[in-house]
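All chains, please: the whole structure from these sequences, using the hints.
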Amino acid sequence: MSGDRASAPPGRTRRRLGPTWDAASVRTLRRHLGLTQRGMAQELGTRQQTVSEWETGLYRPRGASVRLLTIIAERAGFEYEARGSSSKKRED
1 MSGDRASAPP
11 GRTRRRLGPT
21 WDAASVRTLR
31 RHLGLTQRGM
41 AQELGTRQQT
51 VSEWETGLYR
61 PRGASVRLLT
71 IIAERAGFEY
81 EARGSSSKKR
91 ED
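Counted the way the UniProt record's numbering counts, the sequence shown spans residues 1 to 92.
In short, the hints are calculated from the structure, not lab data.
All C-beta atoms, glycine included, are put in the ideal place defined by N, C-alpha and C.
Mixed in with the good hints there might be a few duds.
Unchecked claim - Label pairs and their computed distance ranges (CB to CB):
#: 1; residue 1: Gly63; residue 2: Gln42; range: 27 to 33 Å
#: 2; residue 1: Phe78; residue 2: Gln42; range: 26 to 32 Å
#: 3; residue 1: Ala76; residue 2: Ala23; range: 15 to 21 Å
#: 4; residue 1: Glu74; residue 2: Gly45; range: 17 to 23 Å
#: 5; residue 1: Glu79; residue 2: Arg47; range: 15 to 21 Å
#: 6; residue 1: Gly77; residue 2: Gln49; range: 15 to 21 Å
#: 7; residue 1: Ala64; residue 2: Leu33; range: 25 to 31 Å
#: 8; residue 1: Leu35; residue 2: Gly57; range: 16 to 22 Å
#: 9; residue 1: Gly39; residue 2: Gly77; range: 17 to 23 Å
#: 10; residue 1: Gln49; residue 2: Glu79; range: 24 to 30 Å
#: 11; residue 1: His32; residue 2: Thr56; range: 15 to 21 Å
#: 12; residue 1: Leu33; residue 2: Thr56; range: 16 to 22 Å
#: 13; residue 1: Glu43; residue 2: Glu79; range: 17 to 23 Å
Here it is in structure tokens:
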């Protein structure tokens, strides 16, 4: 049995916590890449409105979007700070 599953309730596995992308980090990454919100949305397979909502702090990226942002950032040599998700922002 793996260490993650040993301490989780029966039938459930613990989720791994990755970096949390806040509004400023998303905006800074997009600018680092030289993309518009529309261009960033196309790269991520999402809507321009979603990128705008992330950048204004209305929502935060989650799930696959977090993984994609992290992969894109690492491949682009973008320095970002992984933050814990202590904020109670709504997620998109």
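Item checked: Structure-inconsistent hints, enumerated in ascending order -> 1, 2, 5, 6, 7
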